[in-house]
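Visitor: Those protein sequence lines, which keep their order, are chains L and X.
First residue of the first sequence? That's 1 in the UniProt record's numbering, and the numbers climb one at a time after it.
First residue of the second sequence? That's 1 in the UniProt record's numbering, and the numbers climb one at a time after it.
Rather than coming from a laboratory, the hints here were simulated on the basis of the structure.
Please read these numbers as outputs of a predicted model, since none were measured by experiment.
Errors might be hidden in some of the hints.
What the hints assert, rightly or not - Here are the simulated lysine-lysine pairs, DSS-like style, with alpha carbons at most 30 angstroms apart:
1. K138(L) / K336(X)
2. K130(X) / K103(X)
3. K332(L) / K336(X)
4. K89(L) / K38(L)
5. K138(X) / K183(L)
There are 2 protein chains.
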Amino acid sequence: MNAEDRDARWMKLAIELAGKGLGLTSPNPCVGAVIVHKDQIIGSGFHEKAGLPHAERNAIADGIAKGNVGLFPDSTLYVTLEPCSTTGKTPPCTEAIIKHGFKRVVYGSEDPNPGHKGIAAEILKNAGIKVTRGVLEKECDFLIRAFRLNMMEGRSWVIAKSAMSLDGHISRSPERSQWLTGKAARSFVHTLRSECEAVMTGGNTVRMDNPSLTIRNPEKPVSPLKEQPWRIILTRNAASIPKNSICLTDEFRDRTLIVENVSNYLELLQNLYTERKISSLLLESGGVLMKEFLKAGLVDEWVGFYAPVITGGGVDGVEGGDFLEREAHLVKPSAKMFGDDVCIRGEVRYQ
Amino acid sequence: MNAEDRDARWMKLAIELAGKGLGLTSPNPCVGAVIVHKDQIIGSGFHEKAGLPHAERNAIADGIAKGNVGLFPDSTLYVTLEPCSTTGKTPPCTEAIIKHGFKRVVYGSEDPNPGHKGIAAEILKNAGIKVTRGVLEKECDFLIRAFRLNMMEGRSWVIAKSAMSLDGHISRSPERSQWLTGKAARSFVHTLRSECEAVMTGGNTVRMDNPSLTIRNPEKPVSPLKEQPWRIILTRNAASIPKNSICLTDEFRDRTLIVENVSNYLELLQNLYTERKISSLLLESGGVLMKEFLKAGLVDEWVGFYAPVITGGGVDGVEGGDFLEREAHLVKPSAKMFGDDVCIRGEVRYQ
């Protein structure tokens, strides 16, 4: 294995660690770090929640706890994101790295935060530490795509989730009460919820389906630090939401927001980010609201489940009628099977 | 490798060979055969076209041509389908197998033809040949799914092909002239055509899109024995099909059939099988005809391409409106990427 492959191998582990923080770290990005000495991991960690230590400090603490502090000066620190160089809720990570005298630092993404961007490399180099940037950069960038948008546009990242028949419908004939998608797909949706700070739907969905919109049966274990996501219900008239709806009566009812008469979805997303620190939001709505968000160019990522069923009729997953002026295109879409359902996923560009 | 794995390994090769006959052998099924002596292939062949020799005889001729006839009594013949035991256009294969004194015969599928079914095994055993049945039976059955239906229901097998947006539309806004799907998916459709005896569409598609419906850029090489598929146009009124349509004017115009005022699709498929030996038919139509065939329970297989685009409007891939009384369910669907398009495919059951 050459040096480049070795770097990629350790960075991959750091990425896996970082992913454990998805949905927990807002307004911070999720970050993972691994300390490697002579092809051995001697410390690792990730950012577990905003306010708690950063990934680098967790990895350092782990290395110290394992009695490896003496090896740090001969070790490389792999971290998915450029280390922070300013004091926030915690002191700058560059300081801790310099203090422990690491030989080399390898990172994936540049920090999109304008206050940090590109600064760490200089600071570390000036302290005599070798720096390699951009290892598995795409993968590292993908991890923090919501955070990047938060920084650039000051609004929440929107993942639209739909579960449709092969002919694009989200409902079945009234005599059939079953879900369209199977258990594996539905369980993955709970994992998606756990990776977001909020789930958004329309009043009509609440009136028709009375969903819980909580994390109950996730595909992957969820951190005990994770709260239930906010449930945001958009409606013309708050009084039209039945008082006995699950979202309004269950033990998480204080995590439900009803938002009336939204005329500007961009402003809504800006407010949700600024006021509630909602970095990522899962839009689980019917076709009308879905179409509104698409029209506004505000669906950033598409997660479409296609159940192996043709219904011939029913409610459209995306309301038909007028063409979108700018079509929504998935960039490098992926397809994955969940049981017999196919999930097509990708980031959205409008053109 | 144990004996079972070895059998599966050779049968897999026979299946690959058989597949080369797809679309060529009607009204016969496609069949492949491999002769193995001490873990070496000493002869192989497949059924290339109706009227030409069966797979077993081609494999035997290949073995003879290679000077291996002396090894036959110590060899195993692998064949995807139970050998025929009656005289058709060619004498029974069981005769040739017995004549050459093979030690053992291994086959996958039972012949669904009631005149052959299960008979070969008895004949061969009585001649002192060991017989193993059912090796990779599912895979072998899959190869001849159209033939089985031809035998059971006396009609053509219908593969419905659609190419839709992620929201179930087959057309884009008038300002956009591009195809929804990319080159790889379109090329695969040409391969699908080469595996069928006919392509069917509606008059409206001919009027709107003026398609060629020929095999031009297939994904896989096509046998020189393959004719262009029949092009069957269903319409209320033959006079409504423009005289200058490609299907009516190109060099294959004698392969175009216009069928007027079909009221009974089952009868149509029975006639196409009986009169034209159309074993498999690719339905490449708009949503209206697609819905008609689904309503009638006559789509046997679904090949749906999903392009990574949300259009928000356009013609439905399957006409909306009333629910299908019996939903169309894909059995063990598969998903495969063709470039950025996802192909979801499976046999259909109605329930």
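Visitor: Hint by hint, where does the structure go against what was stated? Just the numbers, ascending.
Guide: Result: hint 4 breaks, nothing else.
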